[in-house]
Each structure stands twice: as C-alpha cells, then as structure tokens.
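Asker: Go by the hints and put chains B, C, D, E and F onto chain A.
There are 6 protein chains.
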Amino acid sequence: MKILCFGEIMMRLTPPNQQRFLQTTQFDLQFGGSEANVAVSLAQFGENAAYVTRVPNSDLGRAALGELAKYGVDATPSVFGGARLGLYFLEMGAGLRGSKVIYDRANSGVATLEKGMIDWEKALNGVTWLHWSGITPAVSQSAADATLEALQMAQKMNITVSCDLNYRANLWQYGKQPSEIMPELLRNSNVMLGDGDTIALYFGIKGADYAEIFEKTAAEFPNLDYLAMTARKAFHASHNTYKGFLYSTHFENDKMIESKEYDMPEILDRIGGGDAFMAGLIYGLAKNTPPQYAVEFATAAATLKHYIRGDFNVLTVAEVESLMKGNTGGRVSR
Amino acid sequence: MKILCFGEIMMRLTPPNQQRFLQTTQFDLQFGGSEANVAVSLAQFGENAAYVTRVPNSDLGRAALGELAKYGVDATPSVFGGARLGLYFLEMGAGLRGSKVIYDRANSGVATLEKGMIDWEKALNGVTWLHWSGITPAVSQSAADATLEALQMAQKMNITVSCDLNYRANLWQYGKQPSEIMPELLRNSNVMLGDGDTIALYFGIKGADYAEIFEKTAAEFPNLDYLAMTARKAFHASHNTYKGFLYSTHFENDKMIESKEYDMPEILDRIGGGDAFMAGLIYGLAKNTPPQYAVEFATAAATLKHYIRGDFNVLTVAEVESLMKGNTGGRVSR
Amino acid sequence: MKILCFGEIMMRLTPPNQQRFLQTTQFDLQFGGSEANVAVSLAQFGENAAYVTRVPNSDLGRAALGELAKYGVDATPSVFGGARLGLYFLEMGAGLRGSKVIYDRANSGVATLEKGMIDWEKALNGVTWLHWSGITPAVSQSAADATLEALQMAQKMNITVSCDLNYRANLWQYGKQPSEIMPELLRNSNVMLGDGDTIALYFGIKGADYAEIFEKTAAEFPNLDYLAMTARKAFHASHNTYKGFLYSTHFENDKMIESKEYDMPEILDRIGGGDAFMAGLIYGLAKNTPPQYAVEFATAAATLKHYIRGDFNVLTVAEVESLMKGNTGGRVSR
Amino acid sequence: MKILCFGEIMMRLTPPNQQRFLQTTQFDLQFGGSEANVAVSLAQFGENAAYVTRVPNSDLGRAALGELAKYGVDATPSVFGGARLGLYFLEMGAGLRGSKVIYDRANSGVATLEKGMIDWEKALNGVTWLHWSGITPAVSQSAADATLEALQMAQKMNITVSCDLNYRANLWQYGKQPSEIMPELLRNSNVMLGDGDTIALYFGIKGADYAEIFEKTAAEFPNLDYLAMTARKAFHASHNTYKGFLYSTHFENDKMIESKEYDMPEILDRIGGGDAFMAGLIYGLAKNTPPQYAVEFATAAATLKHYIRGDFNVLTVAEVESLMKGNTGGRVSR
Amino acid sequence: MKILCFGEIMMRLTPPNQQRFLQTTQFDLQFGGSEANVAVSLAQFGENAAYVTRVPNSDLGRAALGELAKYGVDATPSVFGGARLGLYFLEMGAGLRGSKVIYDRANSGVATLEKGMIDWEKALNGVTWLHWSGITPAVSQSAADATLEALQMAQKMNITVSCDLNYRANLWQYGKQPSEIMPELLRNSNVMLGDGDTIALYFGIKGADYAEIFEKTAAEFPNLDYLAMTARKAFHASHNTYKGFLYSTHFENDKMIESKEYDMPEILDRIGGGDAFMAGLIYGLAKNTPPQYAVEFATAAATLKHYIRGDFNVLTVAEVESLMKGNTGGRVSR
Amino acid sequence: MKILCFGEIMMRLTPPNQQRFLQTTQFDLQFGGSEANVAVSLAQFGENAAYVTRVPNSDLGRAALGELAKYGVDATPSVFGGARLGLYFLEMGAGLRGSKVIYDRANSGVATLEKGMIDWEKALNGVTWLHWSGITPAVSQSAADATLEALQMAQKMNITVSCDLNYRANLWQYGKQPSEIMPELLRNSNVMLGDGDTIALYFGIKGADYAEIFEKTAAEFPNLDYLAMTARKAFHASHNTYKGFLYSTHFENDKMIESKEYDMPEILDRIGGGDAFMAGLIYGLAKNTPPQYAVEFATAAATLKHYIRGDFNVLTVAEVESLMKGNTGGRVSR
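Chains as they are written, first to last, in numbering that gives the first Met the number 0: chain A, 0 to 333; chain B, 0 to 333; chain C, 0 to 333; chain D, 0 to 333; chain E, 0 to 333; chain F, 0 to 333.
The shape of chain A in the complex, shown without the other chains (with noise of 0.2 Å):
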C-alpha cells in the first residue's frame, strides 16, 4: 500500500502567543497544505507515503520539501518550477474572538502547473491511492486540466482516488465555477469527502438531511464507493465539537454510519481537523478495516489533531486508538 497525495503545500506565518497581526514582530514558521497535511498524517502512521507537488527550486521550496521528509513523507516525486512559494498568514484566534487567514499564493509553482509538467505515470508508478482536493483545481484552469491529468492516468492504472471537495470562496478566481470543473473530476474519483453546502454549490445537490444527501450524490456518482462528512458545532473558537459519517452502497444494513461525537474543550489549533479526518479515512478504508472502525479512527485522529500545533497531524496510531478506548482524560504517561 502506497498513497500518493497531490496538491500545494504552503509556508505557514503565525503571530506567536494569539496576538493579532497588528501587534505582531514575529512569525512562527510552520508548513502545511490540504493534501500534505493528510501524507503526513499517513506518514505518521506508519504508512508509506508520498507527496507531488510543484515548489520553486529555492531554499524556501527545498525547506518545504524537507519539512515533509522530516515526517516521514517521500516528496521526491515532486518537481521544480514556479516563480514563489505559496503562503499564508495565520491569526490565531482565542474563545469568542476567531482565527483569520490571509492567504497570498497567487502565482505559486502549483496555480501556473500545466499539463505535462508531471510524468503521471512514474508519478503514480507503484501507487495504491492517488488523493487530491478541491482545493487544486480552483487556482488555475491549467491546475484542473493537470488534476484531471492526473485522475485519468490513475483511473487508467486502477489506483484508487480520494478526493476532499474543500471548498474555499477566495480562490476560484479564474473564469470558471466550481459547477463547471469538479463533476468532471469527481467522476475520476471513488472516495468523496464533503460537507452539504459544498456538494450544492459544485453538483447542485441538495437534500433535506446528510442521509438524502449522500443518496443522491452516489446515485449521481456512481463510481463513488465512499462518500464521508464531518459536523462541527463551535461553541467558540476553542470549544467545538466533531462527528465523522461515512455512507456507502455497498454497507450491507446502514448505508450511513457515523461516528461517536468528541466534546473538544481548549483547542490548540484547529487548522488541518479536515485533513486529519481525511488521513483518518483513507487509513481505514485503504486498510480494509470494519467501516465502522474507519470512521471511529477517522473521527478521533481529526479530534486529536485539535491539539497539536501546526497543520500537520503528529501523531501515532496507538494514540489515536487510545482515545477510540475512551481514554479522554489527558493523564500524563510516564
């Protein structure tokens, strides 16, 4: 099993200590990106893992690169081109007040990716899983044509894909909706993550709860072998909850099953609870668990991932297990 994950990978900024852009006269420097945050997670779990990305040949590029090996992650099917590295700029929020991101990844080496940039086919040569995200094809028709590049050579060598819709308003900048590019492409895919309000915007899906949802999205989809979601509450910014669903034809009672809820008090950093749940996932079904344990595992790793900093999921399967056993209380191992 080898999971090939796609996608831009970006220099993280954050204010140390919760102070607000304004007051700010340092940055923490993390690294993170949809898809990366997910490898990693994988990495970590013991899985082999890579990573394909396009990143200028500098020493920010490299660094990129190299905190990604640092994990465990294989970044050298990656390649060198573009004019910078995307970034973004994080402002943690703290209870009532929340979090902010400026994002400044115009013209990064994944927004100007072209078809043909990437050789898919020694890309994805031994790969079990190809995982991408929504977020790729919205910064440039050129990166949806190369994701779409991408998912055909994939479907072709019958890798399994795995897409997260992960919508973001911001981007999608370019001439086109979202309504005109992702069906196509999820038409390549066999595993879904998303939530209702993304699945109408790109497929003009609607349904009255997750269940009708989901029905109509794998009647519409039928390549679609899994199809998950998450619910949040947010009491406020450091107190949510989290809850994993997971709905397939071929489950033999339930379509849908979820997951236990997670009461999640003093969250350290919320960034990347998405891509834990997606790691999560893919693990478990990749890994031919009980679809009930997948979605158990899916659901405690992205509840875990609250509380470590950065975007990225550092954590074991032993750990993520623990909390399934109900081991909440945080006591100190030693």
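Check each hint, because a few of them may be wrong.
Each pair may be met inside one copy or between any two copies, as identical chains are not told apart.
In silico lysine-lysine, BS3-like type, Cα no more than 30 Å apart, as pairs [what the hints assert, rightly or not]:
1. LYS259 x LYS232
2. LYS324 x LYS99
3. LYS324 x LYS205
4. LYS121 x LYS99
5. LYS286 x LYS1
These are calculated hints, taken from the structure and not from any lab test. Remember, it's a predicted structure, so these values are computed and weren't measured experimentally.
Answerer: Relative to the frame of chain A, chains B, C, D, E and F by itself:
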C-alpha cells in the same frame, strides 16, 4: 468628531507564558493606561482620536508615544517632562490563580504634572469630546488641579466630557480623599462610567440596586446626560461573564437599558476590559447611535478585548458588530 | 522546625508552547523531583527547608542546587558524585491529548548512591522532620539501602519521618519488587501519602473504600500517625478535580477527614500536584494546625500548583489561605 | 521643510540568530524599503517626513503604515490598493558567508500602481522635497509612468527632487531597459545618488574615476545640482569600510568633496546603509549646511546604520554628530 | 574568610539582540549592582560571600535576593523596606554605537536607607572583609550616613574595608558634592580602587601619572594599604584592551605593580568589568597571594567578564588561572 | 555514487545567546555527531548520502532520524535499540572564553551496539563509499567489534572506506587503549583524516613534520590511498585560521598538497568544522576531481562551516566554490 483622551500611559512589563514574577527571566513589553486604551480603541474604530499626557523626553517616553501613533492615535498634544515614565508589572494569572499588578508610577511625568504645563485651549482646539478618568486626580494634588483646569476649559468650549471613575485603592496617597476631589470634577462632566462601590466612596451615594444608584447620582449631578455601569461575574481567572448598563433621564421609556450578557471562557487578557467598554460607549454616544446599540456595542467591544493581548483593544467596528450579531463561534475566516 | 527532604533532583526539559517532541527546536529548562518540590514548597511557605541529594560536581549539578537556593532551600547538605545528572523530558499535553514523560535518569548520582556516602548524623543535625518518597528505593538496591540508613538514623534521633509512596512503574528494574523493599522502609516512617493501588502493590493491603484501606494500613503499620490520600478526576488533560483525605487513629471523632473538592479548569502544569499536597500536609502537621486545616491547606496548595509552571510550587501561605476562603474568582490584585 | 518619500514598503522576514533559511522555524518581522527607510531616518532626525505608497487595505498593509507612524513618519498620503503586500526574505550572513535576499514583491500594490491613482497635487501640497529611487520604475511600466507623473508635478510645484539610482538586477522584467526609462526621470530630478556601474548602465556614461563620471553626468543632466556616491570595501560580511563623495558644479573650489572613511568592524545589519546615507544627505542639503558637513553627516549616519537592526536607521542627529566628532569608542553612556 | 558586600542591587532590563530601546518588544531580565557583582564573583570563586542591601518585601525584591542565592551569595543580612526596587535599562551597543544606560533608581530601598535600619554589629559578625562603593553615598544623605555607620563599626571590629570609588555623574543630586562626603568615608577604608579623574574629583589630588597620583593619595590616606586602578582602551564598543595596576607602600621594591594587558575583541557584555576586577583583587589580597598574582588574577577575571552576559561574573578560579597562563585561544573543552 | 556514514547521532543542547550553563533557562535543540555531519554535508552537496546508526525507538530517537531526512540523508539503514539517545551539552564560548562540551552519551544505542545487530550486507548494498570515525570504537568493545564487522564487509564488497581518527580523550573507558583497537580498523580503510598527535597516540608514529608523519603512516598502512590533515590557529574563540593538507603516494610530483589558508574572523559555530572538511574531501575524491581541487574544496567547506549554526554544514557546492574563487567579502546576494 475628534476625541481627546487625557491621562497617564505606562510601560507594562509582563512575564511571558504566565510565569510568576519569581520565575521569569524576561518581560514582554507593552504600553497601556486607562485613557490611552480608550484612545487606541477609538482610533482602531476609525475615529479621530488624540491623546495628551506628560512623559519624559527619553527613549522610553518617546517609545510610549510612538506606540500610540502606531495604533493610529495622534499623540502630538502631549508634552515632555517629569523624571521618569510610569510603569507597571503584570503577573498574568491562570485558572484559580489571579493576576497581580505591581504599580511603579510615583514621580512620573503625570504625577508631577501641574496647572499650566499643558495649554488646554490649544490642546482642545477642534476637539468635540474629552475623556478623563479618576486615576489622574488620584496621583497628586497638582495632577488633580490640572484635571480640573482641563475640564473647565472643555466645558467653556462646549466639549462633551466623559469620565471613568476608575477607583485604585493604592493611589490617593497625597492626603486627600476622593470625596474631596471627585465631586467637583464630575460636575464638569457629561458622561460617567462607574460601579456602585465607587459611587458610594466618591460621592456617598448608595442604593438598593443599579437603578436606584443611577437615579440618585443623576439627581445629584444634573450635568450628567449618561451614566453607565458594567457587571462582571468571575468563575475563575479565565472564565467571566460581562454585561453593560446605560442610564439617562433623557430616555423616553425605560431610563435604564441593559445589554446582552456574554459568557467569556478562556480569557487571554482581561486588562483594559473596562476601557474597551468606555471607548465603545463614546463611539456609540458621539455618533448618536440608538442607546441600545451604544450599550450593546460597548459590551461587545469589552467582551472581545478579553481575547486580545495587551492593554490596547486592537479591534475593528466590523468585528464588534459581528459579535453583536451572535457570531460567538470563533470560526476561521478565510 | 526544620524539614529535610531527601531524593533526586532532575533537569526537566519541556518543548515550549505545548509542541510535541518531534516538532520542537527548543527546550524550556527547569528542575524538579518529587522531594525537591516538597522542599521548595515549604521554603516558599517561609519554613526552614533543606535538601539532600547526590549530583555530579559539574555545571549541570551545580545549576540544580543553585535553583533550589534561589527558591530558598538550603541545599548544602547535598553531596557531589555520580556520572551524570538525571533528567526527564516532558511533552505537555493539551485538551484530549495527555502529557508524556521520558525519564533519562539511569546512572545518576542518586542511582549510584551507596550507604555511607551521606553522613546522616550530620545531615540530620537540627532537623525535626525528614521527608522521602518511594522513588529513591526504586532506582537501585544501593539507593534503597541508603534510604533505610537515613530513616533508621532519623528514628534514632526522634525525627518525624514522612513518605510519599509515589509508585513509578518504569523504575524497580534492579531485581526487587516494591513489596520486598517498601514495608521495612515504611515501618521507619510516621506519615504516609499514597493511593489505594500503590498500597495494594507495595503492602498487599486492599479494601472496599478509602476508609477500609486506611484502617488496615494503620493496623499493619502502627508507627504511622497520619495517612493521607488524594483523589483526582480527569475530564481531560486541562480540566480535573482535586480532593484530599487525612486519616489518623488519633483523631477523636471521625478517623477520616476530607477536604473540599476543587474544580480545576484550564490547568497550566499538573506536574508536582501531589508534591504540593505533601508539602501542604507537612506544613499543617508540623505546625500542629487542626487536622481539618491541614488537609484543606494541602488540597488548596495542590490545587493552585496546577496553575504554576514547572515542578516547583512558587506560592505563599497567604495565597493558599485565600483560596481556602473561597477566592476562586482569579481577580486582578492591584 | 517637509520631505515626501515615494516608493514601496515591504515586510522583511529574517531567520533569527543568523540561521539559514533551511534551518529556521521563525522569522523576525520588520518592515523596510529604500524610500521608507529614508523617510524614517529623516523623521528620527526630527524633520517633517511623509511617505506615499500603495498597499492593500489588509492587516498586513495597515501594519506596514502603522510601523512608519511609530517612527514618526506621516504615512497618510498613502493609498490603499493592490492584491498583496510586497515582502522579502533576508538570510543574514556572518563572517565569510554573505547575506541572501529572496524578493517576493511581484503583484504588490506598487507593482500595479498606475497614473492617476495618487492625487499628486494633494500629496505634494506643502512639500519642499520629494525623494524617489530607481526601484519603483523597475517593477512595472505603470509604476514608471506614475513615477514620471509625480516628478513632473513636483518640478511644476518647484519642489526639490532627489533620486537614489538603486539598481536591482532581478527587477526590470517588464520589457524595458533602465536606459529607456531612467534618463527622462532623472531629467526631472535635482539630486542624484548612484555608483559608477549604475550610471554606466542607466545612462551610458563612463569615466576613469569618480570625478570624471560625475563631471560627465553633471554635463549630461544640467538639472542636477548635486551628485553623490558612496564607496564600500568589504573585508568580510561583518567588516567593511564606508566613505561618501559629494559633487556639485556650484561648489566654489573643488567640485568634489570627500568624507572621512570609517572602519566598520562587527557589523550588525548592513541593509539600508545607502538609504541612511541618502537621508543624511537630504538632511544636510535641505537645511543648507556646508557641503562638507552634509557629506560627513551622511557618511556618519550610514556608518552607524550598520549597527542598528532592521532597515530603519533609528538614530538622532546628536548621535550622528557624536560619531562625526570622532567618538568611535562605543563607551557606555550613563 | 568571609566577605560582606554592601550596596544596591537593581533589576536590569535589556532589549534582546542589541535592539534599540525604541525597537524592542521584550526585555531580558537580570539583576546587578556594583557591590552585588563583587559578591557573586567571590561566591563563584568558592569564597564565603554575603550581601547586605535594602529592598522592598515584594516579589521583585525577593527575586533580586533569590538570584544572589542562586549564585551562592548569602543575602540573609539584607533587610526589607523602601517603596520600590531600583532598576536600570540597558541598551547594548555594537561596533561604533555605544551602550546607553537609563537609571530609574530614585526612591528605592537603598535611596531611603537610614542609619539604624541595618544592625551592623549583627551583619558584620564573623565577617573579615567589608566592601562598599561610591555609589551608595551618592544616592542620598541618609544612605551616606548609613555607609559611614557601617564603616565605623567595621573598623571597630578590625574588619578590612575596601572601596570602589565608582563615580556616577548623574547621582549626587541631594545637595552635597562628593568632596564633602567621600574623604571621611575613605579614611575608614583600607583598600581603594579608582581612576585618576575620580580621585581628582573626590579628593582634589592630581598627578602627572598613575604613580604620582597613587603616591599622593597614599600619603593623604595613610589608612590605605592598597590602591588599585584599571586602564581600558576602547577601539570600538566591542573591542577594548584592559590592564590593572596595584600600588602599596608596603611593597618592598617597586611600589607599583602592573598586570599583563589583554586585547579584548568581540566583547559580549562589558558591564561589571570593574566589579570583576575588584572581586579578583579582594580574592588575591584576602588570601594573601603574592601582589603580582593578585593584580594578574584581578585583570584576567575582569577580562573574562567581558565575555559573560549580565552583570554577574559567573567564572571559576580555574578559568581565570587558565587565562593567566596564556590560554587565550578559546578552544573547545571536551 | 552512494556514501554510507556509520556512527552515533546525538541530541545537542546549547544555551541560547552564548549564556553559560549556570545562567540558562532554555536550550536550543539540534542534532549532530561526527559521521552524521559528514552525511548531511554530502546530501547538501547533492550526493546520495545514507546513514546507519542505532537509536531507541522513542520520540527522541525518531526525531534524530527525522532531522537527517529533512537535510536529505537516507537514514533508513539505521536500526532501533538501546536504552537512550546520546546527548551533549554545548556552552558556546565567546572571545577569550572557550566553549565547553559535556558529553552524556553512555548507555546509548551505539554504546550498546553489538556485532550482528546491523545486517551489513544489506546496509552496504549499492554503497560505493563507507565512512566511519574513531569515536565509535572508543565507546565500547562491542561497538568496536561492530565497526570491524562493518569494515570487513565493506572491504569484501570493494567499497572505499574512509576514517576520521577523531580522538576524544574522555572516551576509551572500557579497558582498551586506542593502540589496541585502531590499527586493525585502519588496515581495513583506504582514506584517513587525522592530526599528528592522534597518529602518535593510535599508532606510535611520530615525525618532524606533517610530511614525515604522512610518509611513515603510509608506509605502515599501505592500504591507505589518501591521508589528510587540517591545521587550525586559534587567536581567540571567534577568530581562527584554517588550512588543509592531502597526501598520497599515488600523486605524481609532490606527494603532499596544501590548500590555501583562510582567515576566519567572527566565527559563529566551530563545532563540525573537521566533519565539513571530511565531507568535502570525500566529495572531491569520490568524484575523482583533481587532488588540488579536492583539498581546496574540503578546506573551503570547512571554513564556511564556521559561519553556520549547529553541527550540520548546510551549504551548497556553488557556495563552497564561490569561496574557493576568493569571494570572501560576504556581499548581500539579491
């Protein structure tokens, strides 16, 4: 509309990471002071805010004024003088351990301020609102005299005057009681913020509840158009509630208006909460917003202050109004 | 009254900002150890507290002793020796993610301590109370022998001896079980702190509830004048409750006294909570306060420890007593 | 006397402790830019200095302007606009390892500045001196057009115009050579700072030595009242020398005046040295000091800049004059 | 041998990374003061060193004493009192930019010290050497009186007394000139450290060279057994030379002994260099080492101080002696 | 070409800002070790570099391997085991104060490494060059045995073997002298780096100068194709010179080649200088560059290492070659 705030700005020295004074090897450096905090809030709301104080013409004094300029306050009305810059040491509490403040402000520029040192006619030129607090007359007789000088000039120039009663038990060391000084000063003011204990101490006015206290105070000081109060419940150092009250004999129906009460979990920095309320109230009243809006705005601004490091409430009108609309979930804005 | 604490002080290395071990590029350096923590607490309460250990005569060993001196502990009874200073790495948990400790204390000065290395008659001269814990006899046979040597001398000199049972599962690697070592040591002690599981493991004593366990232990060890226990409920890593129990056959009415139970939200650092309780109990018992005061004081001290960074409980008697009076609101003291 | 500087202010991100880009986990955040640096120097010298640029109306753009205000610069002539704030990454060298700069300024507010976006008549109202540099016309044709617009208005309003030629090899990417753009701009200026290589590149003027180059340039551009140059010898990254030259056909005797040469060991931060010279020169010329004083002041100011962190030369006139008097011993002032 | 040092310890606040006061957002916190520095040096040399001062009984005052204890000084002779802890702000220079000190020590515990507040008979019990400096009598008449009280008791108890003349131009504000106060104090001393300018100012003694100045001073103050001086050449803030001189009428041959002169490149922190010399001299004289050894030891200790951060000279005798043997190469010891 | 380095990687703990061990409250965390440093250098030069060691399967052990991966080294040949990760404390000197290292590496994974724990046939598969140092056989007999096992397999597989003699006086504690162990190991090597003192100690070979020592060593060990040496002069801790020598009986004319000598002022971090030379030499020899290039490259790489923090020489071939061309001026590259 131009608001001038008058008072003392101090250097604030805080051990990082909620360490105790005995533990720390560093101090975080910020600047603050009740009236300066009001000025910064108003400047951040986009209003024309100025500040007048007296600091030594040293690197430390100039740094204090530079910090105000950074946050948009016009500090040019200030004058240079005095032996030292006032400072205060702040040990941030946590949970069941409260915060501690050690003041070190004796002999500062404001403590040795005298009548005539500030040219009030010039300082108040073009000003429509003057704000002061009970801290300034508490530091020395000459500072109290200078305060009266300012208020009398303001009244003569038809400038609205607001006062935060702001009782500090460890001041008033120069041989006078607040009850000998504050009544005359308040008679030269139009808006008052203060709690019941302070009103009793300063003016000898007591009542069964807020309404009665306000009614009696308004009767005693017919020059007061608006009287305001805030109520805080403290579960522990990092979990409080906050609510605001506004009273005016000019209100048509109920003389007393109450704001929504906010629950404030995981507080980051509660210093300056009252100043944030005062600034919000000035904003609402000076712009002639409906009274209910004014008190809601002031309370929401004060609530959000608890989630911003430092004395200064670095916050926009849009952010305050978002909380007023019920957006307490602290979602990531991206 | 002079209390001597005997045990191992270690260098504590903690990644800042609740980072994981894999993420950090810095360590915060503090010092700690169960018995050293007790000594610091007592010195901060204003008592005459001394400490005896064995550390190498290196900059690291001297830094450990210097830190004790800074907090008022007389560390001059300590001796120099051993190949290295023990150290422990602490990964601070958050919310649902628990803390992790990696001990690296093998071959330290205390691990290689032998009978005769410390001149106990000299070290105990003028001492009225000796405190030790179950950690020291757990590291090596020779350290256990040295412990017995100390206790026997103390009993001979009519010095009160207290013991915190303090079971650490990853110690006891030298071929002996606690049940072969601890009973004889406890027979030379007068005050014991321990929980039910540890009592069962060390002495084979079990009971339906705390009262029964205490009763049986007191019967087995008639030398024990006081037996104490604490109970913690952990909702998650940063939210626990805490309560203390004190038992004595000398009490006139109820043999078992319970403290108030404290709710501890937003915990800053829970390491050393039990040591803070132990110190509070020694303080109360050694000063002959009423038993109810003693257990309330110990519990309040332990509760406040959760809001102080590091192993050391940097806290005054007045601060503990303020919490005992119900001041849980964490107000700003200024 | 009021000096307006026009150009681009950028966020400067520097790994702390002279770490390499590949090593760092933090960035120190400062702001800088050639013309902004000149404005800050002049404000710190006590002069009336203003700054006009174009930055996005984001927290990052406002932070840049706030920083200028903190150091006394009136940034209110600036306009909001553009997709992003320009930024540059700075790896500080040491000894034999040189510093590295990675610019990331494409598509910034200034890069997309167009004629008409700034109301120059209003911006130049009351201004007596306008300063620009060769960086602005290098970023885009529209920025070059806007620069010409500014200069023509200034000449029309009889405002003295100074230019730092400031060649940056990695700019000029928009299809024009400097030689197509700079001559016309320089014809609308009165004071020029530049080195021989740049003069050759921009204007095709070459000479055997500084004197000849200056003579020919002055002949070609009779509008130039003053021409200045600096010479730096670099023994290694932290040890340079510095010297200034000033030329004018108006000088009675020698047309060329030279400053003292300073030895600069253990340099702290050499970025902005030339801007410090430019500011010192403007200070001297605008105040009509003797030419020798002007060039000595400029050189001493530039020398001291090497011992101040960040782009901004935070320095008083008294400090510059102290160095001019030969106080190079760096004694403790107390 | 037990040395008691008497004077004022202050909080030292330094912007990190050689930032200017106007730039910093943090202060590094250390403690220092001329006589406290001497005490720490002696304790680090392994001698029995004690310190007596007067600080407020606040967390800040106790932190100052705790820091002394950490470095081995017995601060228990000190008394609590006074309104505030003295503090000083230190801007570290670099290269050609000198350091700046802003004192903020008025109204401190020592400034308001009066005769009778310290029980000198008790404080001097067992003491063999008392050290004071010219700073203490410079702060107030009452502090000067208390100094005389101490010296007279010391002389009565046959304790050797040393004085560092230590002139600070910005003190002596209470209406007396040093020449009215210092002569009587020096008459009660046995060892003096001071430079020619200070000797001229305090005692009106001048001479063509060091030898003549010493000769005249020794004649004027026959009570002085030893007179010492240091000479520093400053190439720039981070590159000085250092040399020591010792004079005594008791020396058999030359009355004047000179040390080796050290070249000090890349200085880290020069504050406390003279105090390090004083401590080295006391060490040598009190232990009756040969005079040449004493002055060489003092000079080497002072030289190494320039490479240690903070006021305190954290250095062993072995390290000083290694430099005396010519080990200037700074090799890695491993 | 694939180089495998074999040895011990340790956690390096350094007090920030050149503080002394007794002063610090933090440690900067890096990783290093002689052979790991060589591997990182080679990976940064773009070569295929791998590393084999034995570390515990803990977060600390995995962090060490992750750090190697970040810098491009393939650490997958390493095995997990042993009780602890070796570590060393580094106090950075300054000027005339030298650096201090405290090793704490006993009982580490490498110290308890035994023959058979590493499958050398597998580890050396595809490898063309194996590098080891004299540190590994110095820690224990079993580690020495494992080293011989590795070398014999390498020789059998026709892999070039290089050795850095690297004498550490405080190792060799297991009862054997280097002269009993090193000769046999060196007989299984082809390239040697070492200084005269170490050659005398290990092999009893002495000579009047480098040439004679090399000649005799080459005669004694005919298996050695290349012998190298470095010479450092230390003016003080931050100012050294550096020069390299390379000897081979295969050279046609002079058997001894010398590099240029570099002056190294203001050194940032000299740890790892020799390893940087070793890596440069391997780079040159393995790529069959002319011998003069090889020794110049090695010396220039080692020189630049002194300006990079940490053990690892994060440097490109282009940067080394730029210094070789004489670019010592440390200009800003932009």
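Asker: If a hint holds in the structure, say so; if it doesn't, say that too.
Answerer: Evaluated hints:
{"no.": "1", "hint": "LYS259 x LYS232", "result": "both (14 Å within a copy, 22 Å between copies)"}
{"no.": "2", "hint": "LYS324 x LYS99", "result": "between (34 Å within a copy, 18 Å between copies)"}
{"no.": "3", "hint": "LYS324 x LYS205", "result": "between (35 Å within a copy, 27 Å between copies)"}
{"no.": "4", "hint": "LYS121 x LYS99", "result": "neither (39 Å within a copy, 35 Å between copies)"}
{"no.": "5", "hint": "LYS286 x LYS1", "result": "within (11 Å within a copy, 34 Å between copies)"}
The structure shown violates just one earlier hint, number 4.
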